[in-house]
Amino acid sequence: GEDVEQSLFLSVREGDSSVINCTYTDSSSTYLYWYKQEPGAGLQLLTYIFSNMDMKQDQRLTVLLNKKDKHLSLRIADTQTGDSAIYFCAEYEGRRALTFGSGTRLQVQP
Amino acid sequence: DTEVTQTPKHLVMGMTNKKSLKCEQHMGHRAMYWYKQKAKKPPELMFVYSYEKLSINESVPSRFSPECPNSSLLNLHLHALQPEDSALYLCASSQEPGDEQFFGPGTRLTVL
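From first to last, the protein sequence lines stand for chains A and B. For what it's worth, our numbering labels the leading residue of the first sequence as 1, then goes sequentially. For what it's worth, our numbering labels the leading residue of the second sequence as 1, then goes sequentially.
Take these hints with a grain of salt, some might be off.
[Claimed, not checked] Derived list of chain A stretches under chain B, where covered just means 3 residues or more per stretch with a C-beta under 8 Å from a C-beta of chain B:
| no. | region |
| --- | --- |
| 1 | 29-35 |
| 2 | 43-54 |
| 3 | 98-105 |
[Said to hold, decoys possible] List time: in silico DSS-like cross-link candidates among lysine-lysine, alpha-carbon distance up to 25 Å:
| no. | chain 1 | residue 1 | chain 2 | residue 2 |
| --- | --- | --- | --- | --- |
| 4 | A | K36 | B | K53 |
| 5 | A | K36 | B | K41 |
| 6 | B | K41 | A | K70 |
Honestly, the hints are just simulated from the structure, not real lab data. No residue lacks a Cβ here, since even glycine has one placed at the ideal position from N, Cα and C.
All chains should be modelled from the sequences, with the hints used to inform the complete structure.
See the structure below:
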């Protein structure tokens, strides 16, 4: 997705927090999503945030949205080996389906 | 039933074959989507059906032909594909267009 950018790789130790970042360009985005994809599998919706929110927390997941900077982040607390996957952020701006970022591969080391 | 199912899980076909991918959901969702995902790349939108009508076609070659027989089913008919069409084909659905999308496990397609 040329309009949504993510860093390609993140490595953390088990038990640490992970922060995956995403920047987007479309200021009219209404919803921003985080999806998880394990090898050979489909995409699992993790969480989403509406554009008029700054933060959303759901158990180990915290989403922060800085609308001024068009920056979205996903924090995973107490990261586990089962969290190893590719994480995609995606935006929806009302006229078409989702635009995905390039995905961040999270590697959790024991 | 809260999932999107796709069949087959894997498909190998020659360039002269005709095959179909199937997607099904029983969540009452009115929007359904086809995406294509190449290795190490994000999903790319192919088609969107809204209330059983094709609403978005992202300039997909005519060798891919979508069909929505009813509100629960979405097919993708394949004919005369090329090796570069080999990819993971993902189906998704949402309650309404623009709502959060739920993805199926995908069909891994290999074109020989």
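Query raised in the report: Under the criterion that the straight-line Cα-Cα distance not exceed 25 Å, is the pair K36(A), K41(B) satisfied?
Result: holds (13 Å)
Report task. State whether the coverage of the region 29-35 of chain A by chain B holds or is violated, taking the criterion as 3 or more residues with Cβ-Cβ distances under 8 Å. Result -> Answer holds; 4 residues pass the 8 Å Cβ test.
Query raised in the report: Within a Cα-Cα threshold of 25 Å, do K36(A) and K53(B) meet the stated pairing?
Result: violated (29 Å)
Report task. Three residues minimum, CB to CB under 8 Å: does the region 98-105 of chain A make the cut for coverage by chain B? Let me know. Result -> holds (count 5)
Report task. Quickly compare the C-alpha distance for K41(B) and K70(A) to 25 Å and report which way the hint goes. Result -> Holds: K41(B) and K70(A) sit about 22 Å apart, inside 25 Å.
Query - Whether chain B covers the region 43-54 of chain A (at least 3 residues having a Cβ closer than 8 Å to its Cβ atoms) - result: holds (count 4)
Figure legend: structure checked against the earlier numbered hints; the only hint not met is number 4.
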